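Novice: For reference, the chains in residue letters:
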Amino acid sequence: MHAHAQRLIAARLGLALLTLLLVSAVVFGITGLLPGDAAQQALGQAATPEAVTALRHQFGLDQPALQRYVQWLFHVVTGNFGTSLSNNLPVSELIATRLPNSLVLAGLTTLVSVPVALLIGISSAMFRGSLLDRVLNVLTLSTVAVPEFLIATIAVLVFAVKLRWLPALSYLSEVSSFGGLLRIYAMPVKTLCCVIVAQMARMTRAAVLDQLNSSYVEMAILKGASPMRVVLRHVLPNTIGPIANAVALSLSYLFGGVVIVESIFNYPGLASLMVDAVTNRDMPLVQGCVMVFCAAYLALVLIADLAQIVSNPRLRQR
Amino acid sequence: MDKENLHYADAPVGTELERLTRRGASRRDVLRALAAAGMASLTGAGLLTASSGAFAQPQPQPQPKQGGKIRVATQSSSSADTLDPAKGALGTDYVRGNMFYNGLTEFDSHLGAKMGLAESLESKDATVWVVKLRTGVQFHDGKSLTPADVVFSLMRNKDPATASKAKTVADQFKEVKATGPNEVTITLEGANADLPVILADSHFLIIKDGTTDFKTAVGTGPYKVKDFSPGVRTVGVRNEKYWKPGLPHIDEIELIGISDESARVNALLSGDVQLINAVSPRSTERIKSTPGFEVLETKTGDLVVRDENGITGNDDFRRGMFYLQDREQIKRAVFRGFGTIANDQPIDPTNKYYLAGIPQRTFDPDKAKFYFQKSKVGSTPVQLFASPAAEGSVEMAMLLQQAAPAAGLNLQVTRVPADGYWSNHWMKHPLGFGNVNARPSADVLFTQFFKSDAPWNEANWKSPKFDQMLLAARGEPDDAKRKKIYGDMQVLVHETGGVGIPMFQSSLDAHTSKLQGLGSIPLAGLMGFAFAEHVWLVS
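These protein sequences, in sequence, are chains Y and E. Under this note's numbering, the first residue of the first sequence is numbered 1, with each subsequent residue one higher. Under this note's numbering, the first residue of the second sequence is numbered 1001, with each subsequent residue one higher.
Don't read these hints as lab results, they were simulated from the structure. Hints may contain errors.
Just some of the chain E residues that point at chain Y, by a computed CB distance under 10 angstroms [as the list claims (entries may be wrong)]:
id, residue
1, Ser1077
2, Gln1172
3, Phe1173
4, Lys1208
5, Gly1210
6, Arg1264
7, Asn1266
In the DSSO-like style, the derived pairs of lysine-lysine whose C-alpha atoms are separated by at most 30 angstroms in a straight line are [as the list claims (entries may be wrong)]:
id, chain 1, residue 1, chain 2, residue 2
8, E, Lys1215, E, Lys1244
9, E, Lys1143, E, Lys1244
10, E, Lys1514, E, Lys1069
11, E, Lys1114, E, Lys1241
12, E, Lys1484, E, Lys1428
13, E, Lys1244, Y, Lys162
14, E, Lys1208, Y, Lys162
15, E, Lys1288, E, Lys1132
16, Y, Lys162, E, Lys1069
Since the structure is predicted, the reported quantities are computational estimates derived from the model, not experimental observations. Ideal placement from N, C-alpha and C gives every residue a C-beta, glycine not left out.
Only chain Y is shown next, with the shape it has when bound in the complex (with noise of 0.2 angstroms):
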């Protein structure tokens, strides 16, 4: 198994890096597409035609773009992401401040959402065509119907407008007990775990069926295992691959595509930096936040991998 794992690790890491080149090599002919450059837009209705070519001097914008990417490029690979051209900060401080604030969001949603998925997945797969099943399927589906936007919405208007239990707004500097952790991230997790529970509860749902029908299953409930038992000890072993993935494609969310969440609560997380970014032309933020979600995508599924070749005895053994 080791040597197996060791040789899917390296393996990846090396596809990792690959992948990271390609897409900064993308985003940035992409960004470069763009309307607009960091030079116009800082100085917005003021960009005179001198003032701009100043500026962009200033950025180092008139060079080549191709020579931009591979002095980006160089100094990536010496562990200098740049600094932003916005605001002259180290690109990698910013995202320094930003990044934990990310991880603790999408921690707290991952061990809320991952059980709650888990157990709704399971539970309607046991209890197929019944009306629990029915009524958790409805539930899933329109929660993951409705849009973001308006969930966040409805909640700070019902808990923070109405009844004032919790802030409206998702303040770091204010944690100072554990139930002011709970009460500052109450909404923002509800509301990312109304978008991403469907999607696991459903795949989990699948896989739990699908080993349901099988021979073994039949066997063991021959054998007089408790519906509770096969479903624990025989099945649920089966599905951790399709489930790992799942998850992991759910959890890949939580990083970039909560900016709507952010915006809303206020949350400083690392999507609204990078939607500032992209706004503000700022090439080499965009770069590094990009890598990092594209690290984190990369590493989610080498987990998701890791946790199918580990559960699975077949592929264990070779």
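Given chain Y's structure and the hints, the job is docking chain E onto it.
Specialist: Relative to the frame of chain Y, chain E by itself:
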């Protein structure tokens, strides 16, 4: 030039207004008083309406209270937030600037200039200005204010490398130099009697000589930087040694940005923030109906303009478009009654140089049809570009499109995204929308948008006569004569100009009733972005 001249105001009306607002007049009373006094001579800039009765300028009777913390949410905050006054681009930047720095002058409630770090500002010919600096003013780090700081702060705006937003304005500084221990002499390229007002602009706030690093702000302002993270928040704490006695009142102000309007309103109503700006007219009812909250309307001169050039440069076509705008409906439907109907010239009624009495153009499809036929535009499709970037333009474009068939015009609306609108669409199409923030003076407005060689001459309108008048007014120290010239210029733009100006927008702020001392400086909402040192909290 005497600095008293800068405080031009019509005395009788001013007194009457003051009397009414002091006894707590209703808005209607105030309006009646205005009507009785005759709009012609009025500088109504200070007029401001709050939801519950009239809300006066900071008056002495409610004693300001010291202490407390507030949190303020504006609509704009991004990683491009800056503490560099010259780079300030958005409302939040200006608020920050006014928290941490001071200018040589400040705006008063009529957009006149009152003295700030300058003790006096004098000139005989409006070209050479002598600035006497206030003594005993200290920066946050204890350094005293010197002429070198002023020279540095003003001149860096001319340097292209600074990327100052006010470079075009700063280019008229021929020379700024220290001429005494507390004296700076500013020499302009040409006469400009508006210099005191220009110096109140937040891009010309005074920073310490040689400052290049703007991770923090060391200024002379009412608050000191405690925390500044771009796109997240700015925290300022009371400057104990502030040179204005008794100010500021609040101990700590936290400034954040919430870009989503309904999230901003919710944050206010849930008590998480105490003051917000850029409230949509749609939300005003909701805020007013919640006890303990107030909406504050500042009648600013924000323009909603439409520019026309190229194929639509035809005078008759332009005139037709002017008559096709249903201004009443735009005001009612698009801006929910907040704003002032404009008359295709850019000086709004709060401006002291506003010329009343130009006949108002009204919605008249028949007249529009007549002019369109005269211009021989026929059934050729005409493209009109609108974008959410120019506030209200999408809605206005739709109103125009609906009205167009009645006037025999084949108008097609193209909606383009807000991102990149100003660099890629604005002034690049024959027919499109713009949106211009209030400018501190008539001169700046005319210079930037209507002079023949203005960078944002939206309609590509060239009038040598206008340019001459502009220069004459700029160098005219006699205010009455200036007003006459500006009046003629307004008539000229109204009659021959190429830009349709249907509305002056109002800025809407909302705040908890516990926050007091907010007044109106018609440059923009949030007291022209300078609320920080004026407000206080009551419990």
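Novice: Holds or violated: the hint that Ser1077 (chain E) contacts chain Y, with Cβ atoms closer than 10 angstroms.
Specialist: Interface hint status for Ser1077 (chain E): holds (9 angstroms vs cutoff 10 angstroms).
Novice: Hint check: Lys1114 (chain E) vs Lys1241 (chain E), CA-CA at most 30 angstroms. Holds or violated?
Specialist: Holds. Lys1114 (chain E) to Lys1241 (chain E) sits at ~21 angstroms (cutoff 30 angstroms).
Novice: Holds or violated: Lys1514 (chain E) and Lys1069 (chain E), Cα atoms, limit 30 angstroms.
Specialist: Between Lys1514 (chain E) and Lys1069 (chain E) the Cα gap is close to 12 angstroms, so the pair holds against 30 angstroms.
Novice: Holds or violated: Arg1264 (chain E) as interface residue toward chain Y, Cβ cutoff 10 angstroms?
Specialist: Since chain Y brings a Cβ to about 9 angstroms from Arg1264 (chain E), closer than 10 angstroms, the hint holds.
Novice: Does the alpha-carbon distance linking Lys1288 (chain E) and Lys1132 (chain E) stay inside the 30 angstroms limit?
Specialist: violated, 46 angstroms
Novice: Mind checking the alpha carbons of Lys1215 (chain E) and Lys1244 (chain E) for me, to see if they're no more than 30 angstroms apart?
Specialist: holds, 26 angstroms
Novice: Taking 30 angstroms as the top limit, are the C-alpha atoms of Lys1208 (chain E) and Lys162 (chain Y) close enough?
Specialist: Violated. Lys1208 (chain E) to Lys162 (chain Y) sits at ~47 angstroms, over the 30 angstroms cutoff.
Novice: Going straight from one Cα to the other, do Lys1143 (chain E) and Lys1244 (chain E) come out at no more than 30 angstroms?
Specialist: holds, 17 angstroms
Novice: Taking only the CA atoms, is the gap from Lys1244 (chain E) to Lys162 (chain Y) under or equal to 30 angstroms?
Specialist: violated, 41 angstroms
Novice: Interface hint check: Gly1210 (chain E), Cβ to nearest Cβ on chain Y, cutoff 10 angstroms. Holds or violated?
Specialist: violated, 17 angstroms
Novice: Is the interface hint satisfied for Gln1172 (chain E)? The criterion is a beta-carbon contact with chain Y at less than 10 angstroms.
Specialist: Hint on Gln1172 (chain E): violated, closest Cβ of chain Y at ~14 angstroms, above 10 angstroms.
Novice: Hold the hint about Phe1173 (chain E) up to the distance rule: shortest CB distance to chain Y must be less than 10 angstroms.
Specialist: Where the cut-off is 10 angstroms and the nearest Cβ of chain Y is about 16 angstroms from Phe1173 (chain E), the hint is violated.
Hint check: violations occur at hints 2, 3, 4, 5, 12, 13, 14, 15; the rest are consistent with the structure.
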